[in-house]
Amino acid sequence: MRTLFFILCFFFLLNLHGQKLVKKAFVNSRTESIQIDSQYCYLVNLGTAKTNEVRVEADIEGEYSKDLLITIEDKGTTVLISAGFQPNFINPNDKLSAHKVISIRLNIILPEDRNVFVYGTNSNILVEGRYKSLKVKLSDGRCTLDNVLGKVGVTTQKGDILLTAEKGNIITESAYGKVEKETIPQGQNQYVLKSIEGNIHLKKTK
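One gets the numbering used here by counting positions in the sequence shown from 1 and adding 333 to each.
Some hints here could point you the wrong way.
Said to hold, decoys possible - Restricting the straight-line Cα-Cα distance to at most 27 Å, the calculated cross-link-like pairs of lysine-lysine (DSS-like) are: (1) K383 with K399; (2) K383 with K514; (3) K511 with K536; (4) K356 with K468; (5) K537 with K511; (6) K465 with K408; (7) K383 with K511; (8) K468 with K527; (9) K408 with K514; (10) K465 with K500; (11) K491 with K383; (12) K537 with K527; (13) K470 with K527; (14) K408 with K383; (15) K484 with K399; (16) K511 with K357; (17) K500 with K484.
No lab work stands behind these hints: they were computed from the structure.
Given the structure is predicted, the values throughout are model-derived calculations rather than measurements.
Just need the whole structure built from these sequences, with the hints factored in.
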């Protein structure tokens, strides 16, 4: 596994409130999918643009902010984006403390029409843009889809799913939550939204 050597920008802005990192990397033609690990993130804003590069901006706060690391890695035909710790970080082995001090927000811009997979636990995911396919898998986190174009699948354990769309083919299923629907006309985009305990809200674009 090698880190993409074409990282164009990597800098830190330090202040009393935390740390900001920005990374950019070209995505080559052999890349088939992009995966985003949001394990340590409380919020991920995800969008697309007509570009051939990935741009990741992270706002990091907390006692251990200097030990946190944003990586963009090339794993064969997959690009992996994640937030983690520096290799020399020593875990204080205090789950309550770790939960308290880690606070990462990611803003990610990806090339359009790519296969994208986002996975996490308590992360809140806000998505815009155009994708070949988009899959989101969360536990307690909420997923908000704002006029996302493409083939979309979202699965949560307890987190709510909110979809705003002009039109599309929509399948919803919540075992123990509620499904609230506005009438959305049929269209080319596909949305499969499933939750165990979370609520699903469908809203037509005004």
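Quick rundown of the hints versus the structure:
1. Between the alpha carbons of K383 and K399 the distance comes to roughly 33 Å, so the proposed pair goes past 27 Å and is violated.
2. A threshold of 27 Å between alpha carbons decides the hint, and for K383 with K514 the separation of about 32 Å lies outside it, so the pair is violated.
3. The straight-line distance between the Cα atoms of K511 and K536 is roughly 14 Å, inside the 27 Å bound, and the hint therefore holds.
4. Using a Cα cut-off of 27 Å, the hinted pair K356 and K468 holds, with the two alpha carbons roughly 23 Å apart.
5. Straight-line distance between C-alpha atoms of K537 and K511 comes to about 18 Å, which keeps the hinted pair within the 27 Å bound.
6. A C-alpha spacing of about 20 Å is found between K465 and K408, which places the hinted pair at or below 27 Å, so the restraint holds.
7. For the hint pairing K383 with K511, the CA-to-CA distance comes to about 37 Å; that exceeds 27 Å, so the pair is violated.
8. Between K468 and K527 the alpha-carbon distance is near 11 Å, which keeps this suggested pair within the 27 Å criterion.
9. At most 27 Å may separate the alpha-carbon atoms for a hinted pair to count; K408 and K514 exceed this at roughly 40 Å.
10. A distance of roughly 17 Å separates the Cα atoms of K465 and K500; the hinted pair therefore holds under the 27 Å criterion.
11. Between K491 and K383 the CA atoms are separated by roughly 34 Å; this puts the pair beyond 27 Å, and the hint is violated.
12. Note on K537 and K527: the hinted pairing holds, with a Cα-Cα distance of about 19 Å set against a maximum of 27 Å.
13. A hinted pair counts as satisfied when its Cα atoms are at most 27 Å apart, and K470 with K527 qualifies at roughly 10 Å.
14. Taking the CA atoms of K408 and K383, the gap is about 23 Å. The hint holds against a cut of 27 Å.
15. Only pairs whose Cα atoms come within 27 Å are accepted, and K484 paired with K399 is rejected, the gap being roughly 38 Å.
16. A C-alpha spacing of about 40 Å is found between K511 and K357, which places the hinted pair above 27 Å, so the restraint is violated.
17. Simply put, K500 and K484 have alpha-carbon atoms about 13 Å apart, close enough for the 27 Å limit, and the pair holds.
In this structure, the earlier hints numbered 1, 2, 7, 9, 11, 15 and 16 are contradicted, and the remaining ones agree with it.
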